[in-house]
Amino acid sequence: MLKNLPVMVVVFLLIAGYMMPIVARWDRKKCAPLAALAMGFGVLGSLVLMNTVITSGQPVTYNLGGWIPPWGIAVKIDYAESFMLVLLTGVGAIILWYASGDIGQELGHKVTGWYYTAFLLLLAAMLGMAMANDLFNLYVFMEVSGICACALVAAKGDREATEAALKYLLLATIGSGFVLFGIGMLYMLTGHLNVDFVALQLRRVWMFYPTVTWVATSFFVVGFAVKSALFPLHIWLPDAHSSAPSPSSAVLSGLVVKIYAFALMKLLYLVFSGLFTESFPVALAIRYILLVFSTMAILGGSLFALVQVDVKRLLAYSTVAQMGYVFLGIGLGSPAGLAAAMLHILNHAIMKSCLFLSAGTFIHVAGVRQVRDFAGLSKTMPWTSAAFSIAALSMIGFPPLAGFASKWYLSEGAMQSGEPVFVVLMVVSSFLNAWYYLPLVGRIYSAGEGGAAKEDIPLSMRLPVVLLAACCVVLGLFPKIPLALVYRAVDKFLLK
Amino acid sequence: MKVVAYLLLVVVLSTLVLAVGEMPTYGCFNPTHNYVYDRYVRHGVEETGALNVVAQIIVDYRAYDTLIETTVLFAAIVSVMLTLKSGSH
Amino acid sequence: MTWPLLILAVVIPVTGAVVIALLPSGDDTRRNLLAVLTTVITAALVGLCVQRVFAGNEYSSPVLYITPLLPLALRLDRLGALFALTASCLWVFATVYSTGYMAHEHDRRRYFTFFLLSLAATMGIAGAGNMLTLYLFYEMLTLATYPLVIHEGSEEAQRAGRRYICFSLVGAGLVLGGLIISSAVFGDFEFAGSKRVLDMAQTGLLSCAFLALFYGFGVKAAIMPLHPWLPSAMVAPTPVSALLHAVAVVKSGIFGIYRTTFSFYGAGLVSGLHVNAFMLLSAGVTVLMGSVFALRQDNLKRRLAYSTISQLGYIVLGAAMLNRTGVTGGLLHLVNHALLKITLFFAAGAIITVTGKKNISEMSGLARRMPMTMTAFGLASLGMVGALPTNGFLSKWYLIQGGLLNDAFWVPLLLVTSAVLNAAYFFPIVIRAFFSKGDFERSEGPEAPPSMLYPILILCGLSMLLGLWPRPTLAVVDVVASALFGGVR
Amino acid sequence: MHDFILKEVVSHLIPFIQIYGIYVIMHGHLSPGGGFSGGMVLGLSMVLFVLVFGLREGLKKISHNTSTVVESLGTAWYATVGLVGVLRGASFLVNKAAGIPTGQPGELLSSGLILVITVGVGVKVGSTILTLFVELIEEGSEE
Amino acid sequence: MNLWRAVLSNYPYLVSLVLFGIGIATVLTRSNLMKKIIGINIMESGVFLFFIASGNIRGSRAPIIELGTDGVLYANPIPSALILTGIVVSVSVTAFALGLVVKLYKFYGTIEPEEIIEIKSTGR
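Those sequence lines, one after another, are chains A, P, R, E and H. If you're matching positions, the first sequence starts at 199 in the working numbering and goes up one per residue. If you're matching positions, the second sequence starts at 825 in the working numbering and goes up one per residue. If you're matching positions, the third sequence starts at 9 in the working numbering and goes up one per residue. If you're matching positions, the fourth sequence starts at 452 in the working numbering and goes up one per residue. If you're matching positions, the fifth sequence starts at 476 in the working numbering and goes up one per residue.
Keep in mind that the hints are not guaranteed to be accurate.
[Stated by the list, open to error] Only pairs whose alpha carbons sit at most 35 Å apart, straight line, appear in this in silico DSBU-like list of lysine-lysine:
| hint | chain 1 | residue 1 | chain 2 | residue 2 |
| --- | --- | --- | --- | --- |
| 1 | A | 577 | R | 366 |
| 2 | A | 690 | A | 577 |
| 3 | A | 201 | A | 308 |
| 4 | H | 581 | A | 308 |
Just so you know, the hints here were simulated from the structure itself, not pulled from any lab data.
The following block holds chain A by itself, in its conformation from the complex (with noise of 0.2 Å):
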C-alpha cells in the first residue's frame, strides 16, 4: 500500500467524491464524515510522503499502468510536491471542518452532497496538479480544478454568485486553452509529454525553434496568469470569490489560485530554465514581464481592495495583490525570491482562510457583510475577531506573524537579483496592506452594537479558525520550519 500511496492519496478522495451522491441519497447525515475520512486519509499521506522524501533525499515516484516514462504517465514527488501536498491537504482539511459546520445552512440541506462531491473532486484535483510530471496530466487535472472551483462558486445559487461562476469558467477555460496549445506546441518540438523528457529534449532543440518555444513559454504564461489572476487578468477574481459561499471563497483564495502559480513556476523552472540565458533574452523577458505585472498587481489590487465596503470583496482584491507577491518571487528567480514565493504560498493560504472563514462567520452570524457594521464585533465574537485581527496583521506583515517572514525572503531574493527597487515596492504595499486592513482590525475592536450574534457559533466554525490564527503565529515565530522544505525545494528547481 505504502508504494502505492502517491496515486492512492488522489485516488481515494476521487473515489469518496464519487460515492459521495449515493451516500447523500442514503443518509445526508454520513457525507461529512465520508469526507473527513478521505480528507484524513490525504492528510496522512501526505505527511508520509513528505516524511519519505525528506528522509530518503530522494523523489518519489509513480508509474501508473507500470509503464516507465516516457512511454506512459508519471507521478513525481520531489521537495516542492510533497510541500504543496501537505499544504493543500492540511489547509483543505481545516477548510471542510468548518464547511461541514456552514454548508448546511449556508446553502441548504438539498446541496450538501453535491457541494462535498465538488469540493473533494476540487481537493484530488489539486493534489494530481502538485504531483503530476507529465504535462496532458497536468492539463486534465487542471480542468477538473477549473469545473469544480466554478461548482463552489455557483453552489450559492444566488444571482451574482451564478454571473461570477460563469464569468469565471468562461475565463477559466480560455486560460486552459491556452495551456493545452503550449503543452500542443511543446510536444510538436519534443514529441514527449512527460516533463523530464520534455526538457531535457527542448534543451536540444529550442534553437532550431526559438520563436515556437518563446510563443510556448509565453501561452504558459498566459494561461497560467488567467488562472491564478495576475493583475491585468485578474477581473473574475474579485466577482468569484466575494459571491461564493464562505468556505468556497477560502479554498478558492487560499489554495485553487495558488496551485496555478505552483505549476507555472514549476514549468518555468524545471523545463523552460534551460532558456533562461543571455544567449535568447526573449525567454528572459518573460521573467521581466512578470516583474512588470506582478508590481502593478501588488499596487493594483491593493488600491482596488483600499476602496471597497464589502468585507469578502476587500479580501478577494487583496488575494490579486497578494498573488502579485508569489509572482514577484516567480520573477525575480533568485534562490530567495523563489523561496519567498513558496513561503508565501503556505503564508497566504493560511491567513487568507483564515480572512475568509472568519469573515464568513461575521457574514452567517452576524449578519454583517459591509465593513461599516463590523464595529463592536470583538464584544459578540472574540474569538472570531481575535483570529480575524491576527491574519490581518499577518498579511500586513507585522512581525513575528506568518507574513513578514515572507516579506523579508522576497525582499531578500530582490537584493540576490540585483534589484533593490522592488524592496521599495515592498514596503510601499506593506503601507497599503495596513491602509485597508488596519481600519478594519480597528473598527472590529471599537464600540458599536456590532450585528448581535443571532445564534450561537458552532464549534465546527470557531475551532477551524482559532486553529488557521494558530498557524499564523507558529510560522511567524518558525518560518525556518517550511523554509528548510523550500529551500531544498529551489535548490532543485535552479539546477540548471
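Go by the hints and put chains P, R, E and H onto chain A.
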C-alpha cells in the same frame, strides 16, 4: 473596447504567423514522431492485446488521464446539479 | 549564564499584562498593586543587569535563528543599559502616577494591560542584540501604544490614533526597507559598527538605506517634518503623554537612530557616506521650528509636545555630529530631558485632574492652588531652558563643544537661540501662575492626590540633584560614548 | 409532440441505435470507437426517446435516483478496476503486467482490462449525456 | 518569401491558430452568453486541430493495427488519444456553462448582458 480587442488579436496572431512558419513542416516526420510513437505502434498489440492504438493509449498507456477525464464528466454533472438545485431553499 | 535575567525583563511585564487582563475589571486595588509591583521588579532587574554591564560584563543571549536569514538575539551593552535604566525607572513613577490619574477614567484594565506591554516592548528595544530584534520590538511598541493613544475613545482620539499609526507605519516601512538593503549589503544584523569598512561600490545603496533608517526611526523621534503625530497624540491620558511622548516612544526612536548610526553602521562608515549633512540639517530645523511652534500653543500639553520635538532635535544633533563630545551631550540630554519633561507632563496632568484647566490662558494664579506642583514645574522649566545649576545646562554645554569640534559655529548660535525661545514659551506660564491674579483659592488638605504629587516632587528633586552633582551621570554617559566609538566594549 | 408516426418510427429505431452503441463500445479495442463514442450513441438514443415521448416517459424509464447511482458507480467502476492492479501487487491501472489475461489480439474478448473499462465508461458516458440533457430540459421547462 | 512558403505549407497550423483567435475574439467581444459559449468551443476546436495536425504523416493510415501486415505507415495516435480526452473536457465545460446560462435565464428571462444590467439597475 471591441476595436482594441480585435487590434490586439490581430497583432498577436501576426506574430504567431512567424511561429507557424518556423514549425516543423506539416505531414512530414518531425520530433513528434519519435521512438514513443514507434513503440506504441510496434509493440502496443503484444503489450496490451488491443488492435486500436488509440484505445491502447487512452485505456492502457495513459489510462490515468482517462480516469481523470471521466472525472471531468462526473464533475460536470455534479456542477450542473449543484447549480440547478441550489438557491431554491 | 546570566542572560536569562534579560529575557525576564521582557517576560515579567508581559506576564503582568496578561494577569491584569485576566483580573476582573472592577478590581482596582489589586490591579494597581500588581502594575506597580511589576514595574518595580522590572526596574530592579534592569538595575541589576545595568550594574553588571557597567562593571564590564555583557549580557548576551544565544542567537535564535527563526530562519537562517533572520536571527533574534538579546544583548545588553552600555548604550542599551543607559536607555533601559532610564525607561524602567521612569516607568515606575509613571505607573504610580497613573494609579492616581486613572482612578476616574474608564477602561482601566485595558489601559494597564497595554501600559505594561509597552514596557515590555521598550525593554526589548533596549536589550535588542541586533537590528532585527530591535525592529521587531519597535513594531510591537507601535501596536502596544496604539490603544493607549485612542484610550479616550472620542472622535478626536480616533483621529489622533489614525495619524499616529499612519506615521508609525510609514516609519516602520522605511526602517524595514533600510534594514533589508543594509543587511543584504553587510550580510548580517550585528552591532559591529566599529568594524564596518566602506565599500566604494555600495556607497549609493548604503546612503539610501541609512537615510531610510534615519528617517524611519526619525518618525518616532519626531524629526521635522515627520512630527505631526506627536502634538495630536496629546489627547491621550497624561501619564501616557508623559511616558510615551517624553520617554518611551520618542526615545526609542532616538535610540534607534543612535543604534543605527553608531552600533549598526559605525561612525566611521556614516561619515564616509557623507549623509550627516542631512542629519544636521534635520536636527537643526527640528530644534528651531519646534520651539517656534511651541510659542503659539495655548494648550499646555501641546506646548509641551512641541517643546519635546525641539528637545529631541538636540539629541539627534548630538548624534549627527559624529564625534564623542557631541554624543556625550546627546546622551546626557536623553537622560536629562526624560527627567525634566516627565516632571512637566506630570505637573500638567495634575493641573488637569485638580482644576480641569487645559489651556495656559486659564492658569492665572494657579500657584496659589497648587504651590508645590507649580514650583516643580518652574524648576523643570529652568532646566529645559538650560539655566545654570540645572542638569539641562550640562548637556547643552557638551553639545556646543561637540559642534565646535566639527568647526560648526552655527551650533552654539542655534542652541542659544533655542534657549531664548525656550525661555519665551516656558517662563510666561510660570509667571502667569505665580504672579497674575486669578480665581484660584488656597485650599485645605493636599493639592493633588499623593500618588500624583510625590512622583512629581521626587522626579523634580532628582533632576535638580543631577544638575548640582552631575558627576555620576557624566561618568556613565562618557563610558557609553566611548563604547560607541569603539573604545572599551 | 404527439406525432404518431414519429413515435412509431422512433420506438422501432431506438433498439437498433442502442445495439449500434453497444457494438461500438464492445469493439472499442479493435476498431475506431470505444467507450466515449459508443456511450455517446447510447446516451443520444435515450435523448431521442425523451425528445419524442416527453420528459415524464423518459423519467419513468430512468429516474433521477437511477441516473445518480449509475453516474457514481460508472465513474467509481474505472477507479475500482484500476485498483485490481494494486491488489495484485502491481501498480495502479496495470493491465497485462498484473497477470490479467489479454487473450488473442483481434478477438472480441481480448485485451484484458481495456474491455472492462471501456464498458464501464460507455455506460457512464451514456448516462451522463442523458442526465445533462434531462436536467437542462427540466430546469428550462419549470418556469 | 521563404517564410511565406513555410507558412503556407503549414496551413493546418495557421488555420488552427486563426480558429483559436476567432474563438477568443468571440468570447471577449460578443455579449450574448450563448455566443460566448460557442466561442469557447471554436477556440478549443482550434487547439484540437493543432494537435491532430501535428500527428499527421503524409500517406499514413489510421492507427488500427492490421495483424500480419508489416511496414504499414500509421499516423501518430498520441495526439488523437489526447484530443479524445480534450473533447470530453470541452463537452463538460460546455454542459456546465449551459447549466449556468439556463439558471441565469431563469433569473432574468434573457441572456443578453446589457439587458441583465438594465434589469439589475432598475431593480428586478
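For each hint, the structure was consulted:
Note on residue 577 of chain A and residue 366 of chain R: the hinted pairing holds, with a Cα-Cα distance of about 34 Å set against a maximum of 35 Å. As the CA atoms of residue 690 of chain A and residue 577 of chain A are separated by approximately 49 Å, the hinted pair breaks the 35 Å bound. Distance check on the hinted pair: residue 201 of chain A and residue 308 of chain A sit about 39 Å apart at the alpha-carbon level, beyond 35 Å; violated. About 19 Å separates the Cα atoms of residue 581 of chain H and residue 308 of chain A, which keeps this hinted pair within 35 Å; it holds.
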